[in-house]
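Put together the whole structure using the sequences plus the hints.
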Amino acid sequence: MNKQTKVWLVISIALSLLALGSACGGAKGPDTNKNGGEATSATAAPPSGPTGTISGVISFNGTPPAPKKIDTTADPVCGQKNPNLTTDDTMVKDGKLANVFVYIKEGTVDGGKKVAEYTWPTPTTEVQLDQNGCHYAPHVLGVMVNQKLKITNSDATQHNIHPTPKLNQEWNQTQANGAPPIEKSFARAEVLIPVKCNQHPWMKAYIGVMKHPLFAVSSDTGAYEIKNVPPGKYTVVAWREGQTPEEKPMEVTVTANGAAKADFAFGTATSSIAPSLKMMPAIEFPMIGKH
Amino acid sequence: MNRGLNRYAILVACATFFLIIAGALVTSHDAGLATPDWPLSNGQVFPKMVGNLFWEHGHRMVATTVGMLTIGLVFYLYKKEERDWVRKLGMFALFAVIAQGLLGGLTVKLMLPLAVSTAHATLAQLFFCTTVSLAVFTSRSWMAAKPIPEVKGSLSLNYLCTTALVTIFLQLILGATLRHSATWDQHLPTELILAHIGGAITVTIGLGSAAIATLRRYKDEQFLTRPATIALSLLAVQLCLGVAAYMTRLASPGDPQPLNPMIAITVAHVACGALVFVSTIVLTLRTYRVLNGAFVGAALRGRPSVRSQDWGGHRVPPLQ
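If you read the sequences in order, they're chains A and B. Under this note's numbering, the first residue of the first sequence is numbered 1, with each subsequent residue one higher. Under this note's numbering, the first residue of the second sequence is numbered 1001, with each subsequent residue one higher.
No false leads were mixed into what you were given.
Think about it this way: if two alpha-carbon atoms lie no more than 20 angstroms apart in a straight line, the pair counts; the simulated PhoX-like pairs of lysine-lysine are:
| # | chain 1 | residue 1 | chain 2 | residue 2 |
| --- | --- | --- | --- | --- |
| 1 | A | 227 | A | 211 |
| 2 | A | 166 | A | 211 |
| 3 | A | 81 | B | 1048 |
| 4 | A | 96 | A | 68 |
| 5 | A | 248 | A | 105 |
| 6 | B | 1109 | A | 166 |
A few chain A residues that face chain B, going by a derived Cβ cut-off under 8 angstroms, partial list only:
| # | residue |
| --- | --- |
| 7 | 68 |
| 8 | 74 |
| 9 | 75 |
| 10 | 158 |
| 11 | 174 |
| 12 | 199 |
| 13 | 201 |
| 14 | 243 |
Simulated from the structure, these hints should not be mistaken for laboratory data. Glycine included, every Cβ here is placed at the ideal spot set by N, Cα and C.
Structure below.
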């Protein structure tokens, strides 16, 4: 080995060590609790006194897309436990849509303060996300900022849980069968964080992270109820998953001990466009006609 | 020329091609983060390879094998190869495969940032190019090649081939960026698709010109016409695969998981792209080898090109 080769060898080893070091240092611990939560000017405690509710039903107009069968041959355990596994992105029963996340986006509480100006205490109860039959249950869920999320694995196979947030810290963790629950939390409000399992790519869930407890998820009957809403005027939003998630807002007034209604409807008119047609912009020329 | 060395170099090149396919399978299955660990998989050397872990850990095993083969190649070169620049190229291959392994680790640890994933895919092609070049340089046909008087055209063949090679390499970077910019359940960015289509047109013009010029000017020189014909044929296949990959990828966001037709076609598109690249490299190296005024060995040593030079260990007279 001549001198020049030795020099290159030393440089390469140094670069390699540098890259390895950055790899180890780049993956910081997934504990988001230390971030202290999103910076906010909210200081006031939530208003006391009588509250109301917001409830409603989520309908689905048109013919819902048929659930698609999932091929689980890559992991026989999945097929044994859940032989009829299908997609659950559009769960419609009698025209009612499940798994829609409904939440108060903004509004003014009676007395003049914005809802964002209040600080709700973080619940001490955990919210559970289970992996059962190579399927997330529940499919859509909500937690408050810094509330504990308990992730369990009820399958006889290993999973990895990989949320892909935009505002919170991304993490990816394996959970073997029989492993103890994983406890996590999210430091920032975010609607909604997709969660996937990279070992079983069909597994998907969505987590709504809110600064207040004023949210709910529609049940199999399409019904939802947001409890303990302080009297006021709010913008309530219904969020539904999709390639481009759909959000439908509605203005709602809540009175003390009152029960406000907010029904939402989604449908094939906005979501059932064939994927090929959705991609048609890919063959457009973006610059044409825009100047 | 050592026949065993050449065969071993061909083996390393073939293993590298298989590694590229294994890597493409990881991307198409969205299996890159099937384990958050690196270099171990879920803390194990041999984990239970179920689900997407089969693809990710399988890729790591193939990569380890290629790394070992490359170390063996360097030893073989230093033992049997007399040309210093060929031995240095072997060392470069070793550094490239180490860097490639570290980049692979970075993709996992940093959770697939686009820049790192693209760099990993691009370096894979460069490493493949290096191993194929070593197979070419150690081959009998390379040693036995005689200078050919250059047939004059509007543009020199060396220039045409080099231009084609650069455009293909840029197109490979674009393709890698496109592939890693969205997972199977997301739509690909329109701007990148348009850029990749533009790149395909440029490559077709560039490689088509180089290959057709070769076939016209040197129709009796198999040393040049064979890689030109192979490159041109692969380009035709690659264009068809590109259209097919686009069509299957259009529908994939609506699928519950990556489906086999999309996986097979997109992986074939990646593999064929690599073959177009290396066949063009072979063509380019050979044109530099035999045509007037150019000499690869001298170029790699940084010496001026001389007609009468060290020609694979033999001295050859200048062309008249």
